[in-house]
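Use these hints to put chain W onto chain A, whose structure you have.
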Amino acid sequence: SQKIEQNSEALNIQEGKTATLTCNYTNYSPAYLQWYRQDPGRGPVFLLLIRENEKEKRKERLKVTFDTTLKQSLFHITASQPADSATYLCAPPPHGGSTLGRLYFGRGTQLTVWP
Amino acid sequence: NAGVTQTPKFQVLKTGQSMTLQCAQDMNHEYMSWYRQDPGMGLRLIHYSVGAGITDQGEVPNGYNVSRSTTEDFPLRLLSAAPSQTSVYFCASSYSSEQFFGPGTRLTVL
Chain A
1 SQKIEQNSEA LNIQEGKTAT LTCNYTNYSP AYLQWYRQDP GRGPVFLLLI
51 RENEKEKRKE RLKVTFDTTL KQSLFHITAS QPADSATYLC APPPHGGSTL
101 GRLYFGRGTQ LTVWP
Chain W
116 NAGVTQTPKF QVLKTGQSMT LQCAQDMNHE YMSWYRQDPG MGLRLIHYSV
166 GAGITDQGEV PNGYNVSRST TEDFPLRLLS AAPSQTSVYF CASSYSSEQF
216 FGPGTRLTVL
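Keeping their order, the protein sequence lines are chains A and W. Position 66 (the first sequence) corresponds to 66 in this note's numbering; numbering is contiguous. Converting from the second sequence to this note's numbering requires adding 115 to each position, the first position being numbered 1.
Calculated directly from the structure, the hints in this document are not laboratory data. All values derive from a computational prediction rather than experimental measurement. Where is the CB? At the ideal position from N, CA and C, for every residue including glycine. Hints may be right or wrong, so weigh each one.
Claimed, not checked - Computed from the model, here is a short list of chain W residues facing chain A with C-beta under 8 angstroms: (1) Asn143; (2) Gly155; (3) Met156; (4) Gly157; (5) Leu160; (6) Val165; (7) Val175; (8) Tyr179; (9) Asn180; (10) Phe205; (11) Ser209; (12) Gln214; (13) Phe216.
The following block holds chain A by itself, in its conformation from the complex:
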């Protein structure tokens, strides 16, 4: 069955540094992959979507890469700020059938940016 792994449960970095979060998937090849941000007590919020034919996508200080050979997506936050502290979720669609309306989430990486 498909498996999603986010590299660590927690990542602590100093303000101004670049945070890099990893998402590895096995047993299938998703056509796209999404990244969400979740703050405590709130629902996830969509950040970026990257398709299998795109190697890199950027949005302001965020950058996502998608390596279909390594079966890995990297999520970068440059010039990180304490306000970036949150849990970040990797979410490809499930394997097989229609993918609209449903996602398969990794367990998330809790990022803490300290001043």
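Quick look at chain W alone, frame taken from chain A:
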């Protein structure tokens, strides 16, 4: 637009009780989903719908029922609550790949 709304925000049930978690969206989205989130488990899909009158099971459907009589509403029913259903429940809607989530319902089953 209110987006995706969920009620109640918190609920405590006794084992065996039934209840319905409400979810509504005002964005005219075709697709709606229910997830549960448990510590260390991430979000898991319970049921989803690709349009009014059409529902299907997700990863963890046992113990839950859904129906979709209108585009706007997608209630989740627990017929006989069990302690294993203690969790935070999120409803989401979408018109394409990006999903919009509600604020969640925290459910405790004693």
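For the hint on W/Asn180, does the least C-beta distance to chain A fall short of 8 angstroms? violated (17 angstroms)
Is the interface hint satisfied for W/Val175? The criterion is a beta-carbon contact with chain A at less than 8 angstroms. Check failed: Cβ of W/Val175 comes no nearer than 12 angstroms to chain A, outside 8 angstroms.
Any CB of chain A closer than 8 angstroms to the CB of W/Phe205? Hint on W/Phe205: holds, closest Cβ of chain A at ~5 angstroms, below 8 angstroms.
Given W/Leu160 as an interface hint, is the shortest Cβ-Cβ distance to chain A below 8 angstroms? holds (5 angstroms)
Regarding the hint that W/Tyr179 lies at the interface with chain A, is the smallest CB-CB distance below 8 angstroms? Violated, because the Cβ-Cβ distance from W/Tyr179 to chain A comes to roughly 15 angstroms (cut-off 8 angstroms).
With a cut-off of 8 angstroms, does the beta carbon of W/Gln214 approach a beta carbon of chain A closely enough for the hint to hold? holds (6 angstroms)
Restraint check, 8 angstroms cut-off on beta carbons, for W/Val165 near chain A: Given a least distance of 5 angstroms, the restraint on W/Val165 holds.
Any CB of chain A closer than 8 angstroms to the CB of W/Gly155? Result: holds, 7 angstroms to nearest chain A Cβ.
Would the hint on W/Ser209 stand, with a C-beta cut-off of 8 angstroms toward chain A? holds (6 angstroms)
W/Phe216 as chain A interface residue, shortest Cβ-Cβ below 8 angstroms: It holds, given that the least Cβ distance between W/Phe216 and chain A is near 3 angstroms, below 8 angstroms.
Interface hint compliance - W/Asn143 to chain A, C-beta minimum distance less than 8 angstroms: Nearest chain A Cβ about 14 angstroms off; hint violated.
With chain A as the partner, please determine if W/Met156 meets the hint condition of a C-beta pair closer than 8 angstroms. Hint holds; W/Met156 Cβ to chain A Cβ min 7 angstroms, cut 8 angstroms.
In summary, the numbered hints that this structure violates are 1, 7, 8 and 9.
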